[in-house]
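Chains as they are written, first to last, in the numbering used here: chain D, 1 to 319; chain X, 1 to 296.
Hint data in this document are derived by calculation from the structure and do not stem from the laboratory.
For glycine and all other residues, C-beta sits at the position ideal for the given N, C-alpha and C.
No false leads were mixed into what you were given.
Computed Cβ-Cβ distance ranges for the label pairs, DEER-style: (1) D:VAL104 to X:GLY81: 28 to 36 Å; (2) X:PRO269 to D:SER5: 30 to 38 Å; (3) D:GLY115 to X:LEU173: 17 to 25 Å; (4) X:LEU43 to D:VAL104: 15 to 23 Å; (5) D:GLY115 to X:ARG280: 24 to 32 Å; (6) X:ALA288 to D:THR230: 36 to 44 Å.
Below, each chain spelled out in residue letters.
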Amino acid sequence: MSWFSFHFSDFALSFLGIIFEGIPFLLLGSLVSGAVEAFVPRESITRWLPKNYAAAIAVSALMGLVLPMCECASVVVIRRLIRKGLPLSCAITYMMGAPIVSPVVALSTYVAFRGQHPLEMTLLRLVIGFLIAVGVGMAVRDIPAANLLQPSMLDSLPGRRRTGLSMAVAGDDTAGMELEAPGVRQRLFQAVQSATADFLDVTFFFVVGAAIASTFNTAVNQNLLVPLATNPALSVVVMMALAFALALCSSTNAFIAVSFRMFPPSAKLAFLLFGPVFDTKLFFMYGAVFRRWFVLSLGIGLFIVIALICNHLGLILNN
Amino acid sequence: MTALFNRWLPGVTLLAWSVVLLSFYFTGRIASFLIPAFRLNVLLAGLGFLVMACCFLFLPAVANCCDEESCGHPLGRRKWGRLLTFSILLLPIVTAAICSPKNYGADTMMRKGINMDGAGLIARTSTPKMPPAQAAGDPTEPPLPTKDGSQPAAQAATPATPQNAQSAADQYLPKSKDGNIEVQVIDLLYAAQDSSMKADFEGKTVETIGQLMPDDANNGSGNRFKLMRMFMYCCAADAKPIAALVEAPEKPAAPEMSWVRVVGKVDFPVEGGRTIPVLRATKVTQTAPPEETMLY
Numbered sequence: 001m002s003w004f005s006f007h008f009s010d011f012a013l014s015f016l017g018i019i020f021e022g023i024p025f026l027l028l029g030s031l032v033s034g035a036v037e038a039f040v041p042r043e044s045i046t047r048w049l050p051k052n053y054a055a056a057i058a059v060s061a062l063m064g065l066v067l068p069m070c071e072c073a074s075v076v077v078i079r080r081l082i083r084k085g086l087p088l089s090c091a092i093t094y095m096m097g098a099p100i101v102s103p104v105v106a107l108s109t110y111v112a113f114r115g116q117h118p119l120e121m122t123l124l125r126l127v128i129g130f131l132i133a134v135g136v137g138m139a140v141r142d143i144p145a146a147n148l149l150q151p152s153m154l155d156s157l158p159g160r161r162r163t164g165l166s167m168a169v170a171g172d173d174t175a176g177m178e179l180e181a182p183g184v185r186q187r188l189f190q191a192v193q194s195a196t197a198d199f200l201d202v203t204f205f206f207v208v209g210a211a212i213a214s215t216f217n218t219a220v221n222q223n224l225l226v227p228l229a230t231n232p233a234l235s236v237v238v239m240m241a242l243a244f245a246l247a248l249c250s251s252t253n254a255f256i257a258v259s260f261r262m263f264p265p266s267a268k269l270a271f272l273l274f275g276p277v278f279d280t281k282l283f284f285m286y287g288a289v290f291r292r293w294f295v296l297s298l299g300i301g302l303f304i305v306i307a308l309i310c311n312h313l314g315l316i317l318n319n
Numbered sequence: 001m002t003a004l005f006n007r008w009l010p011g012v013t014l015l016a017w018s019v020v021l022l023s024f025y026f027t028g029r030i031a032s033f034l035i036p037a038f039r040l041n042v043l044l045a046g047l048g049f050l051v052m053a054c055c056f057l058f059l060p061a062v063a064n065c066c067d068e069e070s071c072g073h074p075l076g077r078r079k080w081g082r083l084l085t086f087s088i089l090l091l092p093i094v095t096a097a098i099c100s101p102k103n104y105g106a107d108t109m110m111r112k113g114i115n116m117d118g119a120g121l122i123a124r125t126s127t128p129k130m131p132p133a134q135a136a137g138d139p140t141e142p143p144l145p146t147k148d149g150s151q152p153a154a155q156a157a158t159p160a161t162p163q164n165a166q167s168a169a170d171q172y173l174p175k176s177k178d179g180n181i182e183v184q185v186i187d188l189l190y191a192a193q194d195s196s197m198k199a200d201f202e203g204k205t206v207e208t209i210g211q212l213m214p215d216d217a218n219n220g221s222g223n224r225f226k227l228m229r230m231f232m233y234c235c236a237a238d239a240k241p242i243a244a245l246v247e248a249p250e251k252p253a254a255p256e257m258s259w260v261r262v263v264g265k266v267d268f269p270v271e272g273g274r275t276i277p278v279l280r281a282t283k284v285t286q287t288a289p290p291e292e293t294m295l296y
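Please model the entire structure based on the sequences and the hints provided.
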């Protein structure tokens, strides 16, 4: 059997499967984003954040517990939250944390790993996911927003922020001033407008990512990966590469991870940690918000860190 | 041109998405793409798109975000970018909606790797609910002994026997009109891993349905074939092919990947160091595809 053979009808089946599963959540994210734009005053976004920097990052990483969003929806939401004044590092932390540190993900992981140390796997996924989100948040703290965000995103910010939690309000004094407060009907329509604009913009990248993932899913001979499962270090890398290529939803990928029986637990954990924060569709979706160098650095950095952690844990988990 | 980009194209795109989602939901085609738990989301999203499309198409105000300096949509302010956005949003989904089949082809199934081992699969959501172990007299879960080695009173009062389990199993297992136990391929794979389920099926005449695929391994006599189904965890993208072996009196005449109904007795031999289900068929007939081609 050749390693690659493309059939459009099978591609269409897989492609629509990803679209139908993901689009409702993208729409939900867009509606939340639209509602934030229309109804949440700019200054109230940062009010609930702790003043202490580390605490603010930690709270952002845990926000998925109260505002659970899958990885696609969280990208849409943080775009709006950044524009509304949420510190960039906190927004990125939420984007990294929400797809893993969430009750839905915890439950699905526990159920999927029944009979295969479900509690340990769930706790490891949540705790390491949290630590990674915090780590990324801390790492971007001192990088100027201009170096991270796409120019179009930067232009739309309420004020030019410098770095981390620092917010420059100078020059933004007209932002909150409105000659006449809009009515509820106007705000509702504004919410729909914003939601639609966000949805169309991010879905473009989602569609591209889903198409690439479906091509891999149906055209590439996945049996070729099986022999790589016997090497613990290599198996971790292979499962992370699979997580990137398959672009599965974070709330359900545990069921797929568990079906790779020949792979050791450390490789499955790597699959569960890497996929929700960086995969084919996210690569394109992140590109709608962040500069390419940052997206690439983020992907490479996450890949190395998660591979190292899981390889290290493999010494305990795989025995 | 502004009205085209700000009103008509977003409106038509949303409307097209709505039509695709709602038509798949109401025609039942969605069953080949999603498990039931996610299907309602498609309906809600389809209705949501419809409302949003109406807002754009029929309300007097127009979306003008991308005309403003503050617009942050990367493709928003460039004409080619907008055209590309709407092309990507419309063409792939509409083409895929028209061309998508109900099931994968043989080549793709082989590429996904066929699973013939139930140990790596999660429990089916549609599996008939088993009665509680105590009521069924589950022989696989004997009561824990007490310190002095005697049986706990409650357990000793209702001793579990294989006969009790058999009669309970006969009550809950669905039957075909010929009186055979109706099973799915996935049930046979689970049964090979679970002694209580194995007892329910072993030696019984069962009836099942699947796609026929030749078996190349351990098939000296040439009368064995794989009975395949796609097992979906959440959506069609994550569906994996599963198969049980069927041993027929003679090589079936049905073409490869055609749907067949198999009637036969279930056996669980150990082959290659693993317990596997083998359906020793008495009857193999070509049949129409089931309403839901994927298991979940």
